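Chains as they are written, first to last, in my numbering: chain A, 53 to 514; chain B, 53 to 514.
I should point out that these hints are in silico values taken from the structure, not numbers from a laboratory. Accuracy of the hints is not assured; some may be wrong.
[What the hints assert, rightly or not] Cut-off 20 Å, straight-line C-alpha distance, at most; resulting in silico cross-link-like pairs (SDA-like, lysine to any residue):
#, chain 1, residue 1, chain 2, residue 2
1, B, 477, B, 464
2, B, 477, A, 299
3, B, 477, A, 297
[Unchecked claim] Distance windows between CB atoms, simulated:
#, chain 1, residue 1, chain 2, residue 2, range
4, A, 154, B, 421, 54 to 60 Å
5, A, 154, B, 486, 33 to 39 Å
6, A, 219, B, 400, 54 to 60 Å
[Said to hold, decoys possible] Anything over 12 Å on all C-beta distances counts as not near chain B; from chain A, calculated:
#, residue
7, 115
8, 118
9, 209
10, 246
11, 255
12, 260
13, 322
14, 424
15, 441
16, 463
17, 474
18, 475
19, 486
Values in this document were obtained by computation on a predicted structure and should not be read as measured data. All residues carry an ideal CB built from backbone N, CA and C; glycine is no exception.
2 protein chains.
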Amino acid sequence: MPRNVCLWWSLLTLFVLPVAFSVGDDTSSEPPPNLVVIFVDDLGYGDLGCYGHPTIRTPHLDRMAQQGTRFTQFYVAANVCTPSRAGLLTGRYPIRSGMVEGMIPRRVLFPDDTIGLPAEEVTIAEVLKQRNYATKAIGKWHLGHLPEFLPTTQGFDSYFGVPYSNDMDHVRGNDERPAYWNVPLMRDSEIVERPADQNTLTKRYTLEAVEFVREHPENPFFLYLAHTMPHIPLFRSKEFTDISLRGLYGDVVEEIDWSVGQVLEALRESNCAQRTLVLFTSDNGPWLVQNEAGGSAGLLRGGKGSTWEGGMREPMIAWWPGHVPANRVSAELITSLDLLPTAAALANAPLPDRPLDGYNMLPLLEGKEDSPRDTFVYHRGAHSHAIRKGPWKAHFINQTSYPTKDPVHYDPPLLYHLEKDPSEKYNVAENHPEVVAELRQLFEQHVEEIARLPNPFAATKP
Amino acid sequence: MPRNVCLWWSLLTLFVLPVAFSVGDDTSSEPPPNLVVIFVDDLGYGDLGCYGHPTIRTPHLDRMAQQGTRFTQFYVAANVCTPSRAGLLTGRYPIRSGMVEGMIPRRVLFPDDTIGLPAEEVTIAEVLKQRNYATKAIGKWHLGHLPEFLPTTQGFDSYFGVPYSNDMDHVRGNDERPAYWNVPLMRDSEIVERPADQNTLTKRYTLEAVEFVREHPENPFFLYLAHTMPHIPLFRSKEFTDISLRGLYGDVVEEIDWSVGQVLEALRESNCAQRTLVLFTSDNGPWLVQNEAGGSAGLLRGGKGSTWEGGMREPMIAWWPGHVPANRVSAELITSLDLLPTAAALANAPLPDRPLDGYNMLPLLEGKEDSPRDTFVYHRGAHSHAIRKGPWKAHFINQTSYPTKDPVHYDPPLLYHLEKDPSEKYNVAENHPEVVAELRQLFEQHVEEIARLPNPFAATKP
Numbered sequence: 053m054p055r056n057v058c059l060w061w062s063l064l065t066l067f068v069l070p071v072a073f074s075v076g077d078d079t080s081s082e083p084p085p086n087l088v089v090i091f092v093d094d095l096g097y098g099d100l101g102c103y104g105h106p107t108i109r110t111p112h113l114d115r116m117a118q119q120g121t122r123f124t125q126f127y128v129a130a131n132v133c134t135p136s137r138a139g140l141l142t143g144r145y146p147i148r149s150g151m152v153e154g155m156i157p158r159r160v161l162f163p164d165d166t167i168g169l170p171a172e173e174v175t176i177a178e179v180l181k182q183r184n185y186a187t188k189a190i191g192k193w194h195l196g197h198l199p200e201f202l203p204t205t206q207g208f209d210s211y212f213g214v215p216y217s218n219d220m221d222h223v224r225g226n227d228e229r230p231a232y233w234n235v236p237l238m239r240d241s242e243i244v245e246r247p248a249d250q251n252t253l254t255k256r257y258t259l260e261a262v263e264f265v266r267e268h269p270e271n272p273f274f275l276y277l278a279h280t281m282p283h284i285p286l287f288r289s290k291e292f293t294d295i296s297l298r299g300l301y302g303d304v305v306e307e308i309d310w311s312v313g314q315v316l317e318a319l320r321e322s323n324c325a326q327r328t329l330v331l332f333t334s335d336n337g338p339w340l341v342q343n344e345a346g347g348s349a350g351l352l353r354g355g356k357g358s359t360w361e362g363g364m365r366e367p368m369i370a371w372w373p374g375h376v377p378a379n380r381v382s383a384e385l386i387t388s389l390d391l392l393p394t395a396a397a398l399a400n401a402p403l404p405d406r407p408l409d410g411y412n413m414l415p416l417l418e419g420k421e422d423s424p425r426d427t428f429v430y431h432r433g434a435h436s437h438a439i440r441k442g443p444w445k446a447h448f449i450n451q452t453s454y455p456t457k458d459p460v461h462y463d464p465p466l467l468y469h470l471e472k473d474p475s476e477k478y479n480v481a482e483n484h485p486e487v488v489a490e491l492r493q494l495f496e497q498h499v500e501e502i503a504r505l506p507n508p509f510a511a512t513k514p
Numbered sequence: 053m054p055r056n057v058c059l060w061w062s063l064l065t066l067f068v069l070p071v072a073f074s075v076g077d078d079t080s081s082e083p084p085p086n087l088v089v090i091f092v093d094d095l096g097y098g099d100l101g102c103y104g105h106p107t108i109r110t111p112h113l114d115r116m117a118q119q120g121t122r123f124t125q126f127y128v129a130a131n132v133c134t135p136s137r138a139g140l141l142t143g144r145y146p147i148r149s150g151m152v153e154g155m156i157p158r159r160v161l162f163p164d165d166t167i168g169l170p171a172e173e174v175t176i177a178e179v180l181k182q183r184n185y186a187t188k189a190i191g192k193w194h195l196g197h198l199p200e201f202l203p204t205t206q207g208f209d210s211y212f213g214v215p216y217s218n219d220m221d222h223v224r225g226n227d228e229r230p231a232y233w234n235v236p237l238m239r240d241s242e243i244v245e246r247p248a249d250q251n252t253l254t255k256r257y258t259l260e261a262v263e264f265v266r267e268h269p270e271n272p273f274f275l276y277l278a279h280t281m282p283h284i285p286l287f288r289s290k291e292f293t294d295i296s297l298r299g300l301y302g303d304v305v306e307e308i309d310w311s312v313g314q315v316l317e318a319l320r321e322s323n324c325a326q327r328t329l330v331l332f333t334s335d336n337g338p339w340l341v342q343n344e345a346g347g348s349a350g351l352l353r354g355g356k357g358s359t360w361e362g363g364m365r366e367p368m369i370a371w372w373p374g375h376v377p378a379n380r381v382s383a384e385l386i387t388s389l390d391l392l393p394t395a396a397a398l399a400n401a402p403l404p405d406r407p408l409d410g411y412n413m414l415p416l417l418e419g420k421e422d423s424p425r426d427t428f429v430y431h432r433g434a435h436s437h438a439i440r441k442g443p444w445k446a447h448f449i450n451q452t453s454y455p456t457k458d459p460v461h462y463d464p465p466l467l468y469h470l471e472k473d474p475s476e477k478y479n480v481a482e483n484h485p486e487v488v489a490e491l492r493q494l495f496e497q498h499v500e501e502i503a504r505l506p507n508p509f510a511a512t513k514p
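Chain A on its own, in the form it takes in the complex (with noise of 0.2 Å):
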């Protein structure tokens, strides 16, 4: 699939925006930071203690917390789980890529399609790869499972997990036994185990992830830890089964919580926790239709598949004793694309040469500088639904996901000011022409600029 990379450049739009950063001479022996990226599926934006879920309980994220940030308005670049992934290890919105419906054929990828992230696409991986960062895929891809999309193919050293949804590959009847879902458990890119034995991956994971951080005592590594859970169906080790207040939903939960408490124990005993970021988040919004097995979004409205913040607005901590500061709870404005510019910045790596849709962070991360975003961009597959400036939010489109109903169009767009209304409650559009005006212009901008990206697999049959 040839790309032509000059078209790129002719897409500089609002959105697209350059990053300052310097790759100096290396005069320092000390190796740069190390990054752990903790991407989780499905998490509420309600779901975690110190978010204020009252009956899951989350010790290590809450302290996690205390020892670092929390960010309160943190999104992510989709509300489904596909996109979401090429937008954070692309630091472009997914349509760029073509990871969204319309240039896939359905929301997500499934086992049997056959494409998958564009080899040309630039992933975390592969900038760090240019400062001999070890690299590792934990968990979850969903960026296409034929090995030509691998991780391994996007600068990843070794992986280890189930390529996709764990409710993929159902073919045994609507029993909720491991046995019943035949997703395969890959190392590299051959298949170890198939069903995957559902129960225990949470812990696997997080051995793997203990004996990668141990093995990399000296060397700047970036650790991609993307757990299949809490995505239904549900499971979790013997361990953690029958635990929580909150029930099966929680037990899960607790179990990915006590699996950050041993990645980070693990940092600090190789003695790397001072130059070791910790990232945790989540992919999209709860899955709302599944009662009792979902999760909450806490105040938010909506949940996954959604543009309403449920959908898109994450929990996200941030952690790096003597550099993140300390007991900060912060509302600055910051997204999962800005995390390859971050990531560049904390390396001191060269930027991949095309539009970007994300900031370094590193600034405001550290406690130095407020946000530099101001404007973020909700979409659903290939459209644009919505638009954020500052503490605004308009609704141009807005479409139920589950079960799919037609996109109900708005104008004037609902207006919501989302700091001092972040339930989405109170549409203010008649008090507020102007700011309606001004993000009108913004959001048909950035749906032109869109409309002009080229899709990937025009010439395939995806």
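Here the structure of chain A is known, so what remains is to put chain B in place on it, guided by the hints.
For chain B alone, kept in the frame of chain A given last:
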């Protein structure tokens, strides 16, 4: 209003529970511990940083929670102001003291009412007076504004505050400037300012509280600091004007947060932090119909005036360095009705000789035992609407409060598992007939007992 005290004794029900205590000889020279209850007005379950609000900053309350225990299943006695305060101060469901609609003319007391909390009721202040506590009430009283009902008639040595809600006596049109609300500010039983300058109420209450702490470095004291805010109309002092991302409501809550910090600091400076139990909570849920001027119940359903969780479950933080475990989140069942028995245990003081609906929670607060409570009844005025036992809650009646609509009766009741479904989304009555049967029996038993309670105002014209 003569009372037949014996009558009370005939009303022993399952909700009337003997609380073990002993009044030993005071062989120690140490005074008993101090008690500070900070009780705010209309704050929602989701309105503090440590309960998940994204844009209200509450660093002092967050720190108080880190240094103490944050409760996630704490209930107040009623979903509106007057009965909630009666319940907290007497340890009895407010229908016992007559402080409920049906016994008083409206849902709360108004300036044209000539009744108040009956003198025969025994308050926490009176319990602690038995052990020579210095006692002070600051802020909102709302249990009768005539001289014979003021705090100084109910065990408090002194009083400084506004005797009812700050939106009463609204005699000068629809302007929100303080001068347009004619509420009085009182010292003991004298009006010292009218209209009260509401902009400085939180600040003046705080200074008064700090002064009281400083004046009692040796003696045991009970401080009841019942803030007028964040009840609407919202006011805050100059230093807190336009400082919160959340707007006016946020400014007001952030000033209260500052106030809490001031009180804790005064305790530390007086070297009495180690012998002072401080409890922070609110009287009822957020006033949702006020839109952005009202608070948020977070993930809970409903708000002020309702028997959904959002109306009656509140933030509660307990702080007592060296006694209440630090950095603990507890989902144990505890209510404002338990404060009086807990205060009595703290002071080793005798309990009032009448039915109580509370439990001594001192062992729970100190992390030594689980909560002895497993049941709680949700009332609206004189009516029982719902009951909780363990994680289960059954709604037999529900009634929208703003605007008030007729009660809706449910048979079978709506049944929710609150620990798995804190947002009361998934009625599971059909799946659990045995739970419904058990809760129905307990509920009917309670309704029957409550129906026999006398109206303390039957002989008067309320």
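Going down the list of hints, with the structure as the test:
1. B:477 / B:464: 16 Å, holds
2. B:477 / A:299: 15 Å, holds
3. B:477 / A:297: 17 Å, holds
4. A:154 / B:421: 54 to 60 Å: About 59 Å separates the Cβ atoms of residue 154 of chain A and residue 421 of chain B, which means 54 to 60 Å holds.
5. A:154 / B:486: 33 to 39 Å: Roughly 51 Å apart at Cβ, these two residues miss the hinted range, so it is violated.
6. A:219 / B:400: 54 to 60 Å: At 59 Å between Cβs, range holds.
7. 115: At roughly 8 Å from the nearest Cβ of chain B, residue 115 of chain A sits no farther out than 12 Å, so the non-interface label is violated.
8. 118: Incorrect as stated: the minimum Cβ-Cβ distance to chain B is 7 Å, not above 12 Å.
9. 209: 38 Å, holds
10. 246: 32 Å, holds
11. 255: Given that every Cβ of chain B is farther than 12 Å from that of residue 255 of chain A, nearest at about 23 Å, it holds.
12. 260: 30 Å, holds
13. 322: With a cut-off of 12 Å, residue 322 of chain A remains clear of chain B, as the shortest Cβ separation is near 25 Å.
14. 424: 18 Å, holds
15. 441: 15 Å, holds
16. 463: Check passes; 24 Å lies beyond 12 Å.
17. 474: 5 Å, violated
18. 475: Not fine: 7 Å to the nearest Cβ puts residue 475 of chain A too close to chain B.
19. 486: 18 Å, holds
When the structure is compared with the earlier hints, violations turn up for hints 5, 7, 8, 17 and 18 and for no others.
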